[in-house]
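Novice: The residues making up each chain are set out below.
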Amino acid sequence: AQSVTQLGSHVSVSEGALVLLRCNYSSSVPPYLFWYVQYPNQGLQLLLKYTSAATLVKGINGFEAEFKKSETSFHLTKPSAHMSDAAEYFCAVSEGTGGFKTIFGAGTRLFVKA
Amino acid sequence: DAGVIQSPRHEVTEMGQEVTLRCKPISGHNSLFWYRQTMMRGLELLIYFNNNVPIDDSGMPEDRFSAKMPNASFSTLKIQPSEPRDSAVYFCASSTGEGQHGYTFGSGTRLTVV
Chain A
9 AQSVTQLGSH VSVSEGALVL LRCNYSSSVP PYLFWYVQYP NQGLQLLLKY
59 TSAATLVKGI NGFEAEFKKS ETSFHLTKPS AHMSDAAEYF CAVSEGTGGF
109 KTIFGAGTRL FVKA
Chain B
764 DAGVIQSPRH EVTEMGQEVT LRCKPISGHN SLFWYRQTMM RGLELLIYFN
814 NNVPIDDSGM PEDRFSAKMP NASFSTLKIQ PSEPRDSAVY FCASSTGEGQ
864 HGYTFGSGTR LTVV
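Respectively, the protein sequence lines represent chains A and B. Per my numbering, the first sequence starts with residue 9, numbered consecutively. Per my numbering, the second sequence starts with residue 764, numbered consecutively.
It should be emphasised that the hints constitute simulated quantities derived from the structure, not laboratory data. Positions of the beta carbon are idealized from the N, C-alpha and C atoms, including for glycine. Check before you lean on any hint, since a few could be wrong.
Chain A stretches covered by chain B per the calculated footprint, using a threshold of three residues with CB under 8 Å from any CB of chain B [said to hold, decoys possible]:
no.	segment
1	51-57
2	109-116
Listed next, the in silico DMTMM-like pairs over lysine to aspartate or glutamate satisfying Cα-Cα at most 20 Å (straight line) [unchecked claim]:
no.	chain 1	residue 1	chain 2	residue 2
3	B	K841	B	E774
4	A	K109	B	D820
5	A	K109	B	E807
6	B	K841	B	D826
7	A	K77	A	D93
8	A	K109	B	D819
9	A	K121	A	D93
10	B	K831	B	D820
11	B	K841	B	D819
Label pairs and their computed distance ranges (CB to CB) [said to hold, decoys possible]:
no.	chain 1	residue 1	chain 2	residue 2	range
12	A	S20	B	E807	46 to 52 Å
13	A	S17	B	K841	31 to 37 Å
14	A	S22	B	D819	26 to 32 Å
15	B	G822	A	E74	26 to 32 Å
16	A	G24	B	S821	41 to 47 Å
17	A	A114	B	G860	24 to 30 Å
18	A	T85	B	F837	35 to 41 Å
19	A	T85	B	A765	39 to 45 Å
20	B	I768	A	L64	31 to 37 Å
Construct the entire structure; sequences and hints are all you get.
Specialist: Spelled out as structure tokens, the structure:
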């Protein structure tokens, strides 16, 4: 069965600092992996996705994530935080084949200090 | 494209009343998902449809919940009778394929049962 663990329910960074949000997954088959962002009172928006092509995936708003099979990780990074990055971020896994379920992590709330 | 459209955005109802949430997926998307989001339980998959057919409803909390998708452009989630513990934000999402492309979420319906 697939599962996702996000390390840290809250992360606080200063504006201009590196953003690192951690995600580990468990899957019985090669997974599809995603990061979503949720701003207050809005739905989730897809940031980026890994679908077995390049292990370093670039997304919107300057975010990127690296798939590391040996570590079963898919951490999200951004070199320089902006105030507008303050939101909740969700890592998600889907096994895809024969099924349509995507399982979401518990979320990490990112705070950006001026 | 207007995206995934959910209505109403907010619903306040009294315990015991019937509640109907509505969703219009993106045209051409063949999979539709209903999620519930609460602080305590995070994002929970309630049910998903593929080509208008319910594939997995194992996440539906109990018989008070039901969902239908009469055609490719419309789905409903009904709660009858509603209870205070049903208070949550309910999201509808749609996608193509088997989950490898990620989902497009609606803006959600915030349900409050008093």
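Novice: Under the criterion that the straight-line Cα-Cα distance not exceed 20 Å, is the pair A/K109, B/E807 satisfied?
Specialist: holds (11 Å)
Novice: Compare the distance between the alpha carbons of B/K831 and B/D820 with 20 Å, and conclude whether the hinted pair is satisfied.
Specialist: With Cα atoms ~11 Å apart, B/K831 and B/D820 stay inside 20 Å; holds.
Novice: Quick one: are A/S17 and B/K841 within 31 to 37 Å, going by C-beta?
Specialist: The hint (31 to 37 Å, Cβ to Cβ) holds, given that A/S17 and B/K841 are roughly 33 Å apart.
Novice: A range of 31 to 37 Å was offered for this pair. Does it hold for the Cβ distance of B/I768 and A/L64?
Specialist: Hint holds: Cβ distance 35 Å, inside 31 to 37 Å.
Novice: Against the 20 Å threshold, does the CA-CA distance of A/K77 and A/D93 hold or violate the hint?
Specialist: Since the Cα atoms of A/K77 and A/D93 sit roughly 27 Å apart, the hinted pair is violated (cutoff 20 Å).
Novice: Given the hint that B/K841 pairs with B/E774, does the C-alpha gap stay at or below 20 Å?
Specialist: holds (13 Å)
Novice: Check the hint pairing A/K109 with B/D820 against an upper bound of 20 Å on the C-alpha distance.
Specialist: holds (11 Å)
Novice: Does the beta carbon distance between A/S22 and B/D819 stay inside 26 to 32 Å, or does it fall outside?
Specialist: At roughly 43 Å between Cβ atoms, B/D819 and A/S22 fall outside 26 to 32 Å, so the hint is violated.
Novice: Does B/D819 sit within 20 Å of A/K109, going by the straight-line distance between their CA atoms?
Specialist: Given pair A/K109, B/D819 holds - Cα atoms ~9 Å apart, limit 20 Å.
Novice: Given that the segment 109-116 of chain A was listed as covered by chain B, double-check it with a C-beta distance under 8 Å for 3 or more residues.
Specialist: Coverage by chain B holds for the segment 109-116 of chain A (7 residues, Cβ < 8 Å).
Novice: For the segment 51-57 of chain A, does the count of residues with a C-beta closer than 8 Å to a C-beta of chain B reach 3?
Specialist: holds (count 5)
Novice: Has the given pair, B/K841 with B/D826, been kept, meaning a C-alpha gap of at most 20 Å?
Specialist: The hint holds at about 10 Å.
Hint compliance for this structure: hints 7, 12, 14 and 19 are broken, all remaining hints hold.
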